[in-house]
Structures are given as C-alpha cells and as structure tokens.
Amino acid sequence: MDYTKQIQEIASKLFAEEKIDIFIGYRQNAFDDNQVPILVTVPADVPNLIFTDKSVLNLTNYLKFEHTRNKRVGIVVKGCDSRALNMLLTESQVKRENLYVIGINCTGVLNEKGEKAQNCLECVMPDAVVYDEMIGTPSGKKEYSVNVDVKELAAKGLVERGEYFQEIFENCIRCNACRHSCPLCYCTKCCIDQESAVLYNGSNTPSSAFHALMTWSLHLAGRCVDCRNCEKACPSHLPLHLLHKQNEMVIYENFQQHLAGMEKDDRGAFYKYSMKDPDDFIM
Amino acid sequence: MNFSVFETDKNGLQKFYEETIAKNETYAPVEKFGKYDYKKVSALPECDPDSPISLTMSVKPLFFPRSSKIMKYEENREGTIITETDEDPLAGKRVILGVKHCDARGLQVLDRVYKWDYIDADYQKRRENSVIISTRCNKADVNCFCTSLDYDVENSDAHDIRIINGLNEKIYIQAVTEKGEDLLKGVPGLQFSVCSSEVAGEESAKHFKAFDSSFRLKMNYKEVNEKLQNSFDSPEFDPASKNCISCNTCAFICPTCHCFKITDEKIKDTGIRYKSYDSCNNGYFTLMAGGHNPRPVKYRRWRQRAMHKFVYYKERFGVNLCVGCGHCAISCPVNISIFDVVNQVV
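Note that the protein sequences, when read in sequence, are chains A and B. Take the first sequence: its letters are residues 652 to 934, numbered as in the numbering used here. Take the second sequence: its letters are residues 11 to 356, numbered as in the numbering used here.
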C-alpha cells in the first residue's frame, strides 16, 4: 500500500485550485521508519507527504485544534479514520463543505514490530466511508469479529475482570494523553478535569484513575471507531482497547449490531431510540 | 577523598544486586505492559536494572510522586480544622537500582529548585534517604542527546554508585559519594578484587568514547542557549509546534518537569488535598479565574516549555533544565522532540 504519488498529486492540485488552506497528511520521520502527521500550508511542503502502511495515526484528531478551525482542510482518511470523521460530522464538530476528504481503501497498517496491527486484523470497514476522492480498490464491509483477548476477558468473572482493570488503572499516570489523542474527545472542558470532586480530582490515585478512565470509555461507548490513537499515545503502554472493545461488543450484541460511524448521520448507540432496544436492565 | 572501586564480571554484578536487594529496601525498573517503572522489588528476577532507556519511566516519581497527599481538612461551625495526612514521605533508607545517568542528573537539577526559597522537606528527606546505583547505557537511543548538554556525563556525580561495563567484559563498581561508599562496605560477601581508580577510569573513558560516538543527535549547546535567549518573538515556534496535540505526556514523563496542580477530593465538609503533576502544554494551565488565558495557543505553550528548559532555568539556577534523555520524544504520540524544536527556532 503506497499511495504517496496520488496524494501528492491531489494535494498540489487542491493548492493550485485554491480549494484548501491546509492539508493534513503524513510525513516520514527523519531517523526511523515511523510516520508523523504534517500540516501543510504552503505548496512547497507537498513533496513531504507520504502514505504507506506505516501511516498509522488517525489524522481527524487535528480537526479540533486551532490550526484547522474554520479553515478549508484537505485530509487523508483510512477506513477507521473516516468513521471517526463521520461521527464528527454527525455531531456537528466539522463542516462538510470545509473539508476535502481523500479516502483510502486501506489494506491494514503495520505496528512497531512490522506485523499487521491488531485492529486491522479485526477491521470491519477498511474502505473510507466519507470521501471526495477515493484511492485504492474497495474491499467491502467485513464480518464483525471480536478479538480473542477481549473475548477471554469477557468470559472471565466480574471479580477477575475487575482485578485486571485495576492493574491497568494502577499503571496509569493520569497524563490524559489518551483523551487528547482521541478524535472524538473534543470537549473544551472535560468532566474528568474537575478540581474538587470525589470521583475526578486529577490526582493519580487508583480510584481517581479508575473513575477517569471508566468515564472516558463510557463517553466513547457506541462512538469509538477502534482507531487506537489512544493506545499509541499512552506512555505506559496500557491496553486501552480492552475497555473500548468490551463496550463495542456489548453494544453490537444488544443494540441491533450497531457500529459507530458506519453511516452518515448515524448517531451513537446511546443517542437514538429504537423499539428493538433491550429493556431488561430497566427496573 | 578516594572511594573504592571493585572489578568484577557479570555474575559478580548479579550477586551484588542480589545482596543489595536482600539487605535493603530496593526499588528497580519493573516491567508492566512492556514499559519499565521504578517499583519496590524483593528479588532480582522481578526487575531489570539494565532496562532500555526508551522503555523506562523516569525515576522522578520516587522523589516527587505523581500524586501526594498534602493535608486533610474538615469544616465545621468553628472554622476549618487541618490535619496531617497519614502518608509517611519516607521512613527508612532505600536503594534505587538501574538509574540512568541522565535520570540521576535530572534529580540533581531538581535539587536546585527544591532548595530555593521554599525548602520542600519531603523531597529533601527522600533525597537524603536514597542511594542511587546507576548504570551507564552502552549505546545511545535515537532520541538521546545527553552528551551535548552542559554537564559532564562521563564524570557525573549525580549518583552514589556507578556501574561501568568495560569493553573487556569486566564490570567496574565504583562509589562516587560517601553514601555509596557506605553501601558498598555494608554488602558482605563481596569478594571482588579491589581495583585502582586509574584502571577503572581508563576503562570507563574507553567505554565512554564508544558510547559517545553512538549518538545520532549532537547539539552545539552554547550557541543554542545564546540564540534562544533572543528568540522569544521567533515566528518559528508556531511551525515547530504545529503537530502537538497538547497531550501532556512529555511533561509527565520528563525527569525534570516539576509543575504541579492542587486538587481536592472533597466529600461534603471533609476532604483530602492532593498535589499532582501538571503540564504547561495543557490548554488551561494558565487559565485565570477571570477567564483570561495568556497562553491560549499551542505555540505559546511550546515556547514556554522550550525556553524554560533551555533559557529561564539556566538564568536562575545556572544549569540547563533539559538533561537530554529523550524521554519526551520517545513517548510523544507524534514524535516531537524538544531537540528538534529548539534547533528549528535558533
């Protein structure tokens, strides 16, 4: 998967036609084979753009920052990224007319070890669902499958599962990088940033980390698109996908096989009402 | 004063570690989810003193915890009653294994701010009660640049005992301070041959030369420092920080960042007050009660970070705040290195 040439061509065309102010893509890191985001504002920087199977980050995260606010933006999105973009469009966080979206029909990206990333192995929608221009051949929607480690965890008892997550929370350093790297966490003031509360007080005690991470994961339940930006950002390498995938699995099973951001204007599972929704938990 | 130097091999070093762990309360890098953090250990197999620098958290939290209780309070009709917390800063002595040179240097740098106008008693107590045994890296990581800065990595006195891997398969255990000397004497069963400090020094210099040549990043520190002093209004801060997602990771894992926030765990009229890490990259770090924010945009926050590390701290305390460990670049989700930022600006 190497679409470097196509993306550079499209970007320079967009700049030449003055359709965009800023282009968000990937750039090769100078000293290793990782790629980092690049925000191109002048056509001279276009040759730095690159797209290969090492383009792992979800660039829609940059749509919430000051550099892109109220600007015309060109952006590269893979399948999972486009689902996040769909969520942002549905939640009125970005204007579609301000965006020029280059959709990639992704064949999966590689992790640090050079293997196919875990979320790509279980990817439901490798094709971009929002795009103005498409690169690559579409491979269509895949069967939903839950990963083995999530299934294993779900099969465990409540106590055991609690203990495992406790271990995760104990290693959390409360830097909140997971939240900041999430494209769908766009609130300017987050509820877990409170300064004097019982549940969230910014301290790095296990209980505070527990409440913060749990609240964060529940706010993303039915919205998370499994791009794993949070996991890549976590300095403690915590397996945060377990939280989200667990939620995703429960929602898929109970809410008419709902998957976030698959269709335009499809609200999160908790934001819409259906007669088919289970009500056995309502007392 | 001459301190003792021992010459040994890999097995001897293992034995030394085992003895140390058996005799003392010991902290060492313990692996969890592929990342090493300093935790209390009771046996050598639990930890790895030679943990790679790119995967090891800073030792700072052992001295300046990620969160510590400051006080408890209770409000009633008469007023507020403040009580001490039940947290003991550090009762006994402890040994820390496997500290990297840059990390230990970070503590030395921090000492200056903690001994400044207000003396942080808890920090001082933790510092006094800790013996730091350092290991020198054999090879620099891609983001390291410690040898480019204004301190002598080779003859650093930031640690108490240093362990040098000679190129001749020998390992030298050298006491650097009196605390270290006391610990070395207190470990019985050490049957290492005493080595003259010249031989150890020579081997150490050889090893350092090999280590020094493995650096990808080199900086002309003096020039950078001088130029940065006049770069406050540089337009380059904006492009240099464009990629930043303001996630705070760099500050939380930095061995010298020392900003903190005060928060309360409050239930009705009683509460516990905490002191926890904070970061100048936070959008609301400088947000004032009236709503004004002097650093509302990313480049201003990055300017503060870079200037504090390379200019302000030096002006006030005479040493550079950045120790060149590269932790920030390793942990940054978008690989921004403070090295690149300052080099782009000057």
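Keep in mind the hints are simulated off the structure, nothing from the lab. Take the hints with a grain of salt, since some may be wrong.
[What the hints assert, rightly or not] Sample of chain A residues at the chain B side, in silico, Cβ under 10 Å:
hint: 1; residue: Asn685
hint: 2; residue: Ile689
hint: 3; residue: Thr692
hint: 4; residue: Asn712
hint: 5; residue: Tyr713
hint: 6; residue: His718
hint: 7; residue: Asn721
hint: 8; residue: Gln817
hint: 9; residue: Glu821
hint: 10; residue: Cys826
hint: 11; residue: Ala828
hint: 12; residue: Ser859
hint: 13; residue: Ser887
hint: 14; residue: Leu889
hint: 15; residue: Tyr922
hint: 16; residue: Asp931
[To be verified] Here are the computed lysine to any residue pairs in the SDA-like style, where the Cα-Cα straight-line distance is at most 25 Å:
hint: 17; chain 1: B; residue 1: Lys285; chain 2: A; residue 2: Ser847
hint: 18; chain 1: B; residue 1: Lys79; chain 2: A; residue 2: Glu818
hint: 19; chain 1: B; residue 1: Lys285; chain 2: A; residue 2: Glu821
hint: 20; chain 1: A; residue 1: Lys802; chain 2: B; residue 2: Gly44
hint: 21; chain 1: B; residue 1: Lys180; chain 2: B; residue 2: Ser206
On a predicted model such as this, the values are computed, not experimentally measured, just so you know. Note that beta-carbon positions come from the ideal geometry of N, C-alpha and C, so glycine has one too.
So which hints don't hold here, by number, going up? 7, 8, 15 and 16
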